[in-house]
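Make the full structure from the sequences, and use the hints.
Chains as they are written, first to last, in the working numbering: chain X, 1 to 334; chain U, 335 to 629; chain G, 630 to 951.
Simulated from the structure, these hints should not be mistaken for lab results.
Note that beta-carbon positions come from the ideal geometry of N, C-alpha and C, so glycine has one too.
Mixed in with the good hints, there may be bad ones.
Part of the chain U face toward chain X, derived, beta carbon under 7 Å [to be verified]: (1) Val477; (2) Leu561; (3) Leu569; (4) Trp595.
Each chain is listed here by its residues.
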Amino acid sequence: MRQIIVKRLSMLVLVLLGVTLITFFLSHVIPGDPARMMVGQRASEETLQEVRRQLGLDQPVWVQYFTYMQGLLAGDFGDSIRTQQPVVDDLIKFFPATLELALTAFVIAIVIGIPIGILSAVKKDTGWDHAGRFFSIAGISTPVFWSGLIGILVFYKFFDLLPSSGRIDLTVPPPPTITGLFLFDSLVTGNWAAFGNSLWHLVLPAATLAFAQLAIVTRQVRASMLEVLGQEYIRTALANGIHGPVLLFRYALRNALIPTITVVGLSFGSLLGGAVVTETIFSWPGMGKYVVESIAFLDFPAIMGFTFVISFGYVIINLLVDLTYYALDPQIKE
Amino acid sequence: MSGMTAKPESISTMATPKTVNPFWYKIRRNPLTLFGLFLLLVILFASLFAPLLSSYDPTKINITQRFAPPSAEHWFGTDEVGRDIYTRILYGARLSLGVGVAVVFGAGLVGTVIGAISGYFGGKLDQLIMRLMDIVLAFPSLVLAMAVAATLGPNLQNAMLAIAIIKIPVYVRLARAETLALREKLFVKAAVTFGIKPWRIIARHIIPNALSPVVIQVTLDIGDAILLVATLGFLGLGAQPPTPEWGAMISIGWKYLLDYWWYPTFPGLALFLASCGFNLIGDGIRDILDPKANR
Amino acid sequence: MLLEIKELTVEFSSMHDRIRALKNVSLSIAKGEIVGVVGESGSGKSVTALTILGLLEKNATIPAGSITYKGRNILALDKKELQALRGKEIGMVFQEPMTALHPTMRIGDQLAEVIHRHRKISYREAYQQAVVSLAEVQINDPELVARKFPFELSGGMRQRVVIALAMSAPPDLLIADEPTTALDVTIQHEILKLMQELSAKRGTSIMLITHDLGVVAQVCQRVVVMYAGEVVETGTTEEVLRQPKHPYTQALIGALPDLAEPDQPLSAIPGETPDLRNRPCGCVFASRCAHSLPVCLEEPPVLEQALLEASSHQVACWRRDM
Numbered sequence: 001m002r003q004i005i006v007k008r009l010s011m012l013v014l015v016l017l018g019v020t021l022i023t024f025f026l027s028h029v030i031p032g033d034p035a036r037m038m039v040g041q042r043a044s045e046e047t048l049q050e051v052r053r054q055l056g057l058d059q060p061v062w063v064q065y066f067t068y069m070q071g072l073l074a075g076d077f078g079d080s081i082r083t084q085q086p087v088v089d090d091l092i093k094f095f096p097a098t099l100e101l102a103l104t105a106f107v108i109a110i111v112i113g114i115p116i117g118i119l120s121a122v123k124k125d126t127g128w129d130h131a132g133r134f135f136s137i138a139g140i141s142t143p144v145f146w147s148g149l150i151g152i153l154v155f156y157k158f159f160d161l162l163p164s165s166g167r168i169d170l171t172v173p174p175p176p177t178i179t180g181l182f183l184f185d186s187l188v189t190g191n192w193a194a195f196g197n198s199l200w201h202l203v204l205p206a207a208t209l210a211f212a213q214l215a216i217v218t219r220q221v222r223a224s225m226l227e228v229l230g231q232e233y234i235r236t237a238l239a240n241g242i243h244g245p246v247l248l249f250r251y252a253l254r255n256a257l258i259p260t261i262t263v264v265g266l267s268f269g270s271l272l273g274g275a276v277v278t279e280t281i282f283s284w285p286g287m288g289k290y291v292v293e294s295i296a297f298l299d300f301p302a303i304m305g306f307t308f309v310i311s312f313g314y315v316i317i318n319l320l321v322d323l324t325y326y327a328l329d330p331q332i333k334e
Numbered sequence: 335m336s337g338m339t340a341k342p343e344s345i346s347t348m349a350t351p352k353t354v355n356p357f358w359y360k361i362r363r364n365p366l367t368l369f370g371l372f373l374l375l376v377i378l379f380a381s382l383f384a385p386l387l388s389s390y391d392p393t394k395i396n397i398t399q400r401f402a403p404p405s406a407e408h409w410f411g412t413d414e415v416g417r418d419i420y421t422r423i424l425y426g427a428r429l430s431l432g433v434g435v436a437v438v439f440g441a442g443l444v445g446t447v448i449g450a451i452s453g454y455f456g457g458k459l460d461q462l463i464m465r466l467m468d469i470v471l472a473f474p475s476l477v478l479a480m481a482v483a484a485t486l487g488p489n490l491q492n493a494m495l496a497i498a499i500i501k502i503p504v505y506v507r508l509a510r511a512e513t514l515a516l517r518e519k520l521f522v523k524a525a526v527t528f529g530i531k532p533w534r535i536i537a538r539h540i541i542p543n544a545l546s547p548v549v550i551q552v553t554l555d556i557g558d559a560i561l562l563v564a565t566l567g568f569l570g571l572g573a574q575p576p577t578p579e580w581g582a583m584i585s586i587g588w589k590y591l592l593d594y595w596w597y598p599t600f601p602g603l604a605l606f607l608a609s610c611g612f613n614l615i616g617d618g619i620r621d622i623l624d625p626k627a628n629r
Numbered sequence: 630m631l632l633e634i635k636e637l638t639v640e641f642s643s644m645h646d647r648i649r650a651l652k653n654v655s656l657s658i659a660k661g662e663i664v665g666v667v668g669e670s671g672s673g674k675s676v677t678a679l680t681i682l683g684l685l686e687k688n689a690t691i692p693a694g695s696i697t698y699k700g701r702n703i704l705a706l707d708k709k710e711l712q713a714l715r716g717k718e719i720g721m722v723f724q725e726p727m728t729a730l731h732p733t734m735r736i737g738d739q740l741a742e743v744i745h746r747h748r749k750i751s752y753r754e755a756y757q758q759a760v761v762s763l764a765e766v767q768i769n770d771p772e773l774v775a776r777k778f779p780f781e782l783s784g785g786m787r788q789r790v791v792i793a794l795a796m797s798a799p800p801d802l803l804i805a806d807e808p809t810t811a812l813d814v815t816i817q818h819e820i821l822k823l824m825q826e827l828s829a830k831r832g833t834s835i836m837l838i839t840h841d842l843g844v845v846a847q848v849c850q851r852v853v854v855m856y857a858g859e860v861v862e863t864g865t866t867e868e869v870l871r872q873p874k875h876p877y878t879q880a881l882i883g884a885l886p887d888l889a890e891p892d893q894p895l896s897a898i899p900g901e902t903p904d905l906r907n908r909p910c911g912c913v914f915a916s917r918c919a920h921s922l923p924v925c926l927e928e929p930p931v932l933e934q935a936l937l938e939a940s941s942h943q944v945a946c947w948r949r950d951m
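Written out as structure tokens, the structure reads:
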């Protein structure tokens, strides 16, 4: 087991190195004038020259890369052209909102997706199954921005049930910052007004984001369950009188979950991508909205900083998923 | 040993064995796949016959008619400069379909070739290529596509390039896996002993035989590619207005959602149906070709 | 009579056609006896076993016949009643020990779960019982084995576990579908002996499905010979093996290599098993039979007594007096 961790960690370092290479490539090598990228179209010629010198653009490429890496390790992504703040500070400011949204969506996807997948598998080829599969395909096919818009149309405009933007009403003071996650912070400080209001604001964006995840989870659970249910050992259990929930959960599901975890972990990537779009639609003050605004502004330091941080997180998540997989499968343990 | 064969039982006691084409049999049994096929045909029809299906010009501006709600004259309403949305959706179908197919075919082709080369030659080259693919796969798809598209400049071609880049690694892996297996087969080894040059072996023997999983993957990917292009368009990174690309239309239209709901809704619906169609078909094809299917 | 199968017919429908896997199969098993069901692959022996426990695939239909267990028609049982029957009254051992056990559950837990279900005791008590069960199937160091996973055990040990599982309740009937085929010859012998002992101790009947006549000779009191989904001969082991009446049985016995004459060429049965989608009209074996008469091709023979004295020896052949 330890060997595996060491191997995976060394792979991790290599991949992260590659990530830095690509972001460096994208930010420094491809654009014609990185200095111009840094300061934006509106800066003066003097600022431009100064930045050029500072960036060491007269140095050979590999020295530039080295400097870039130094910056990264120190947590320096440069300053945002738009906000004039260090990009890393901006990202930290907006991170909790995105985390809250992504986590909630993830939990919804799992809690609803797994039962639907099981139902679909157990009732294979019946109306339930077809409905479940259509639901799953619809989820994968729906553009996240569109489902969000429809959600707003229906629940905000039509039914006037849910808000269409923001994390919390302006009239409700947000909870004190412990983790930055409004739900957690308000719960812990007993601030019910903030809790309720935050939850109310969270529903629609989280559901929108969860929809696509749901589809992936459902589809995978169904496929894995079908595979497991067709195995010999299930027949043995059946022949010995095991049936119903015990068979389904203790015997079948635990094996079906193993490949599911891997797929679900990988789908986190699409969750992060979907968050970008969702935050835009719902004016959710997270990293996604930040980067979209940066794109419109052609704020490259911000764009690259975001890309790096998100990819870094994604790589770590995948590593955790892999380790969980190894932990669950006893055959590999030995 | 008597050489006679016994008479078969009379027909009435046994079901008549039908000669059934397994392919259509399986499709018929799955209504979802059928529906997907229907959707695809609709989109194909729309993109092929767009000029015939609408009398409006997709780019013609008509300020007096701006933000007109759906009516008999404008089935899906008009946008902020009075263009007919229904017409723009029809022409957008051409774009989305063309772009989706082009991107996936391109990625599939390039990926297959790279994968075949990597698998065939092995060694350091293989290691290098696979590490490179791992790195590309380390990024969440949309995020990398955004970064690449933003860096190259916001237009449709760059968006297509960006998406093709992120799709390539899957094909490289697929083709490489097939190549590794094919490399050991007798007919390939025979070709080697005949002195046939590696390029020829790869092109003539390896790649044609490695295509089966690639084709399945392509069908599954087109729907996703269409969505990705539209998403980039929505973010301002793909096709730019006034091009009638569905994502670009929504990038402007969404701000008017509450007042003029039809503007972002209908292009989005078109996107959904297009993607749905491809995914249903892809799913159905995968079910049919899956040897483990015990239907 | 513990189990009585009367004229059972089972069909499978697929995309192309309908296969009649079993036709008019009749056999019975009394309390405490070990009955062998012999036949080659495709003879329908496994289908018979699966039909008893209701474990057939979804595309199977039972157009005719009955299966009576302790007086109840188990084909008429609903799902719940069938589930109550499985394991508790009738246990089953499958052929492949390598895949029969749950790969990520410990041996002890797998046994405990079944015991807990059948014997109405707490899970903890059931676990202790599980260790005892392992000892009863002659596994050394049962506490240690109970904590292991299936992949850590050898084939022979796994099959013992499978037997322990099937005998948990304990059931009055054990169906063993080729329980030793996948095992080494030396282990085979031990497993068969184990089953024999368990049967003697608990009074459990065993339906032993096999293609190996040697197995039949070793443990079975009676034997049923099947071919192409039909029963062609049945009787006590002594009767059938000493004086086989059906040409197929005779050919089977004749095909056994004779250790006393190692240089003799092996004799095989010419021809092929019939296509079960298009069953022949008359005797199912007629096309391969060296002794067939014209009537054999037209009318299917009925399973009837062979000789006047031995009422248990029955054969389905127009030339039963041969």
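Here is how each hint holds up against the structure:
Annotation: interface hint on Val477 (chain U) holds; nearest CB of chain X at approximately 5 Å, less than 7 Å. Because the closest C-beta pair between Leu561 (chain U) and chain X is about 6 Å apart, less than 7 Å, the hint holds. Checking Leu569 (chain U) against chain X: minimum C-beta separation of about 6 Å stays under 7 Å; hint holds. About 6 Å separates the beta-carbon of Trp595 (chain U) from the nearest beta-carbon of chain X, less than 7 Å, and the hint is met.
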